[in-house]
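Visitor: Here's the letter readout for the chains.
Protein chains: 2
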Amino acid sequence: MYERMHILTEADQSKIHSATMDILSDIGINFYEPEAVEIFKQHGFRVDGNTVHIDEDQMRNALASVPAQIQISARNPEHNVTIGDGHLVIAPGYGATVMITQDREQRLAVMADYDNFCRLVQTSKSIDMNGCLMVDPSDRPPEFAHLDMLRSNIVLCDKPFLGSTMSRQAAIDCIEMAGIAWGAKDEIKNKPVMIAIISTLSPLQYSTEMCGALIEYARHGQVNMIGLLMMAGTTGPVTLPGLLALQNAEMLAGVTLTQLVNPGAPVIYGSTSTVTNMRTGSLSIGVPELSMIQNATIQMGKFYGLPCRGSGGLTDAQYPDMQAGIESTLALTTTVMSGADFVLHGCGILGSYLAMSYEKFLADEEICSMLRRMLKSIEVTDERIDLDTIKSLGIGKEYLTHPKTLAHCRTEFYLSDLMSRDDFTTWHSTSVPLLPIVIKSVA
Amino acid sequence: MYERMHILTEADQSKIHSATMDILSDIGINFYEPEAVEIFKQHGFRVDGNTVHIDEDQMRNALASVPAQIQISARNPEHNVTIGDGHLVIAPGYGATVMITQDREQRLAVMADYDNFCRLVQTSKSIDMNGCLMVDPSDRPPEFAHLDMLRSNIVLCDKPFLGSTMSRQAAIDCIEMAGIAWGAKDEIKNKPVMIAIISTLSPLQYSTEMCGALIEYARHGQVNMIGLLMMAGTTGPVTLPGLLALQNAEMLAGVTLTQLVNPGAPVIYGSTSTVTNMRTGSLSIGVPELSMIQNATIQMGKFYGLPCRGSGGLTDAQYPDMQAGIESTLALTTTVMSGADFVLHGCGILGSYLAMSYEKFLADEEICSMLRRMLKSIEVTDERIDLDTIKSLGIGKEYLTHPKTLAHCRTEFYLSDLMSRDDFTTWHSTSVPLLPIVIKSVA
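Protein chains in written order, with my numbering: chain A, 920 to 1362; chain B, 920 to 1362.
Just to be clear, a hint being listed does not mean it is correct.
It does not matter which identical chain is meant; a pair holds if it fits inside one copy or across any two.
In silico lysine-lysine, DSBU-like type, Cα no more than 30 Å apart, as pairs [unchecked claim]:
1) K1110 <-> K1044
2) K1295 <-> K1221
3) K934 <-> K1108
4) K1104 <-> K1316
5) K934 <-> K1310
6) K1221 <-> K934
7) K1323 <-> K934
8) K1221 <-> K1310
9) K1044 <-> K1295
10) K1295 <-> K960
11) K934 <-> K1295
12) K960 <-> K1316
Hints listed in this document are in silico derivations from the structure and should not be mistaken for laboratory results. Bear in mind that the values here come from a model prediction, so they are computed numbers and not experimental data.
In isolation and in its complexed conformation, chain A is listed as follows (with noise of 0.2 Å):
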């Protein structure tokens, strides 16, 4: 079954590995964290200034101890989740600036935004953990702003959370102030409580920032994602194939970092690398290269045994309108389906990253919902076919009233609470037009 989208055969994933290590031993790759360097060095990594070089033996070497499953704990233990082996564990959308309205209007996030993201998070049957930087809170100093949302992450939510990778600073205020939350900071040594979304430079780069923060998180044993957003065409190949080296070589450099640090340190790996819009150079997140490059890269995961990540309901629609919901559709259905482990911007994101809302939040929420709802076996037993009712029906008789239907009724379909079922006169005599969508005026 969806036999259609193979992108990437046994062949071309060995390919696209032969060209990685070509890549790494080769050019190599920069780390801007003296510390970074020398850890590499102390391995016996050929390094030349900034430049680490790492060849197939080391990386191999170092993936052997990624664990292939991850328990990250939540302060409520029914939060808990797991990643890796067949789960989805799915969180909300994350770095967005600002908030759309209803009234197609923008302006800048607050923390009160991020506190009512926590809300939604804790109160959500399909999200599973609390993000960080939601949207990045604009009446707070930058400087201390991840002190805010990790507190609010804690206190108005029980389930698993994002730390921050602003610095390295960050992190480790990040890790002492879990650290409060379960008693003490080795409480957390090793148990991870949350993951860290670090991102490289591309092509080729891991910032100082990022860095300091890997090396923080994964010497406390907690969870390092390591990913990237390429845009082909502009910080990468502007050819799919090459893009997906590329960023691979990227992903192993920063997999095979936390292992120096810290062997068996949990890790994820996966990209949302992305085309560049080539009508104006910006980025596209809402087009099918996303979905195309999503599944590639999870099968690259796959082929390194190492826990995926995936991206989520991305669009590049200002406003929830029919756009988002193709888009964010499409993209969390490749995601899901193509077999991600741990899902990113599951909800909320508008406008390229740039915006989240409330009301696309909870749209995507529903897609979510949707897509567990698939993921569930359907239970093909005797008893489910139920042949003696099927039989004592027979030809052209109704199954409403059978007492068979009434005993399933309630259980056996998915029901929403968001989408509209209403006939088009009750639809059109009780709802009111609140969010206006918009074509584009031809000039």
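Given chain A, work out where chain B should sit, using these hints.
Guide: Just chain B now, with coordinates in the frame of chain A:
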């Protein structure tokens, strides 16, 4: 890839097959057209009044002559299509009676709408076939409307099309009219130029009209698409495994009849079954169960080696809003990725099949185009990985102005003419709010 969605295991498929054969031999199935019953009787099937009993050997014998691949000729040979063997053929929506306008109103569809949809199909890059009854023209007498529609199909569009199945006479008329277009009726004998959408009356009945049409189309070697829309909990079992067995029995009975009429007559297998909205008793087509049934149905079709039909951009939304985008994309993506050979209702449908809109048609077309892009290979070759360029740019350089980017930037990425990729300010200043979407008022 797409490893997560395995609705049916091989054991599940066998179990459904066994239950199906039990239903067909024990209960049997009613054909209300005497000629159909007579055909079954002549071929040695056990018949009791209108009820035909089919055993496994009889069914297998009939299925043995079904062609695995179907060539459908268009008036313009460049638009010929192949159904089966990995091709994806998409046709527009079918059966709507009303049009939804931009200002949230509905009106009865008229012949001018039908003609406009013919023109949209003709100019579409993603829709391969023209419909029949895309909308039901209220300004034509019902008994002759198929003549007008077929005329428009032939005159306004040179792609292959659907034929009417309103009655045996309608089928005869369509064959006669197509004969005129191809020079003579004999010119299209056993040369498929149209597909007839045959539906059962669940549970376990074929109407006089549908039988008559099926027989005429099969006799002339035109394509019968044997389908149905079973509603779990109303016209079929409330449990999905029961529904899968019962709908399979209905479809296989129809497929069997086509082969008795004309062994080797082209036929397509596939339902658009879904669940009943248990809050109202009405049809729900925007639900995840529809996608699950699509996936399982296509698996069963492949189990029998039959060309498979899937359903397209289906939604219960009354307007091209975010709900419409989410539901239509989920259904279309699942259908296409499940391996459907022929997709009906590819674009245009709103309001649980009752409505079409031009805006929805164009947006669905965009979904189809994106899915087609995703089916194309990314061609992982050394040339396309292009290590030379990656090495020449090395660390920290930009790809935007590299000659390779300039060489590929117009062809490598999917470019949409419909979706907005503008930043917020541009979008806000150049777009006009035309299509209000609604959220339900809370009483």
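Visitor: Hint numbers the structure violates, sorted upward?
Guide: 3, 4 and 10
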